[in-house]
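For the record, the sequence lines run as chains A and B. Residue numbering for the first sequence follows the numbering used here, beginning at 2 and increasing consecutively. Residue numbering for the second sequence follows the numbering used here, beginning at 8 and increasing consecutively.
Calculated from the structure, these hints are not laboratory results. Ideal Cβ placement from N, Cα and C applies to all residues, glycine included. Any given hint could turn out to be false.
[To be verified] Label-pair ranges, simulated between beta-carbon atoms:
1) Ile35(B) to Arg168(A): 23 to 31 angstroms
2) Ala40(B) to Arg62(A): 31 to 39 angstroms
3) Gly33(A) to Ile35(B): 34 to 42 angstroms
4) Thr87(B) to Pro65(A): 28 to 36 angstroms
5) Val11(A) to Gln15(B): 32 to 40 angstroms
6) Val176(B) to Gly82(A): 12 to 20 angstroms
7) Thr6(A) to Leu86(B): 22 to 30 angstroms
8) Val104(B) to Leu57(A): 27 to 35 angstroms
9) Met188(B) to Gly33(A): 43 to 51 angstroms
10) Gln15(B) to Gly91(A): 31 to 39 angstroms
[Said to hold, decoys possible] Reference listing, derived: stretches of chain B covered by chain A, where coverage requires no fewer than 3 residues with Cβ under 8 angstroms from a Cβ of chain A:
11) 29-36
12) 56-66
13) 69-77
[Stated by the list, open to error] Quick look at which bits of chain B chain A covers, simulated, 3 or more residues with Cβ under 8 angstroms:
14) 41-49
15) 129-139
16) 176-186
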Amino acid sequence: MRKQTILRIVAKLLIPYILLFALYVQFHGDFGPGGGFQAGVIFAAAVILYGLVFGLKAARRVTPPLLMETLAALGVLIYAGTGVASMLHGGNFLDYNALGGPGQQHAGSAEPVAHLHEHSPEGTEEHHASHGFLPQGQHLGILVVELGVGLTVAAILITIFFAFAGRERAQ
Amino acid sequence: MTPEAVTQLIVILLLILLLGTAITIVRIRDLWAAVMLTGIYSFLGASWMLLLDAPDVAFTEAAVGAGIATFLMLGTLALTSRRAKPPQGSSLVPLAVVIVTGAALVYGTFDMPHYGDPQAPAHQHVAPEYLSDGVPHVQGGPSKVSVPNVVTAVLASYRGYDTLGETVVIFTAGIGVLLLMRRPPDREVKQ
């Protein structure tokens, strides 16, 4: 599709916004709709569009297959690692309350993290979620876990795209 | 017309379009057109899900169903034939099976609670707890999760084990595709 000027221009215009939207869905999934899985598929869709319009070679340069395979494994590792981290902090596996820092384990996170960050202006939970340096345990855990999901989903879908697109017709 | 009536109208229009697309996919013999129509079907489905207040599912349907799945089917089509073989023999028995199954499914929906019914069992069991935990200003209770998007909170926190399992399943699926379909490295070098 190298000669299709309209396709190339439109894809060039659209892809940055698709990527930006994927990042928005990823990191705003706790407030707006979406989350790791949705962000991952949107991100992969942008890379696939790039590959379709600009060729497989260009897409391989942007997202090297080896890097994608590593990121796919890294995503699962981040997710499971969050569970292990909460165990190391004295909670159960994937019990994010334990990640909130000392004194958070049994408070059900109702206690804001303000004790840890005195300069934090507001005490309400919502403001903490967006303005605090360290979100509450639950919030932090969900964000990290969603990041793991997003990495794995995007990387695996791009990998599958490469696997399919690299095939030629069997003789 | 009230906004609700307009929404109803759009929903009915979308469902008619979905039905028409589905019937066309079944009848058409040109597989390339059929793949394109499945993409359109997914996109219509995503629009409908958006009207049902399920934007998360709509995102997924639009990106996976209309985008990635369409591409994967086109990639498969490039390796095989473009036209479906005409069906062999009578299609009366399959038709009867489909009608009976469909009728049983429709009959099953008669027992389901109405859409959006607050008394539905799904909204009586654990949902109130999730809502009061996740959305502090709705019921005034202390927030346990402090993630306003309850869907995200349920998926990532309350159902964290399930989501971990799903992530591993996706990872495993990708490994499987790699093992089956990746070209041997020596041919990749020649490319």
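Each hint tested on the structure:
1. Ile35(B) to Arg168(A): 23 to 31 angstroms: Given range 23 to 31 angstroms: holds, Cβ gap about 25 angstroms.
2. Ala40(B) to Arg62(A): 31 to 39 angstroms: Check passed, 33 angstroms falls within 31 to 39 angstroms.
3. Gly33(A) to Ile35(B): 34 to 42 angstroms: Holds, since Gly33(A) and Ile35(B) (Cβ atoms, about 38 angstroms apart) stay within the stated range.
4. Thr87(B) to Pro65(A): 28 to 36 angstroms: 29 angstroms, holds
5. Val11(A) to Gln15(B): 32 to 40 angstroms: 35 angstroms, holds
6. Val176(B) to Gly82(A): 12 to 20 angstroms: 18 angstroms, holds
7. Thr6(A) to Leu86(B): 22 to 30 angstroms: For Thr6(A) and Leu86(B) the Cβ distance comes to about 29 angstroms; the hint holds.
8. Val104(B) to Leu57(A): 27 to 35 angstroms: Given range 27 to 35 angstroms: violated, Cβ gap about 42 angstroms.
9. Met188(B) to Gly33(A): 43 to 51 angstroms: 36 angstroms, violated
10. Gln15(B) to Gly91(A): 31 to 39 angstroms: 53 angstroms, violated
11. 29-36: violated (count 0)
12. 56-66: Contact hint for the stretch 56-66 of chain B vs chain A: holds, 3 residues under 8 angstroms.
13. 69-77: As far as the stretch 69-77 of chain B goes, the hint holds, because 4 residues have Cβ atoms under 8 angstroms from chain A.
14. 41-49: violated (count 0)
15. 129-139: The restraint on the stretch 129-139 of chain B is violated, since only 0 of its residues have a Cβ under 8 angstroms from chain A and three are required.
16. 176-186: Coverage by chain A holds for the stretch 176-186 of chain B (6 residues, Cβ < 8 angstroms).
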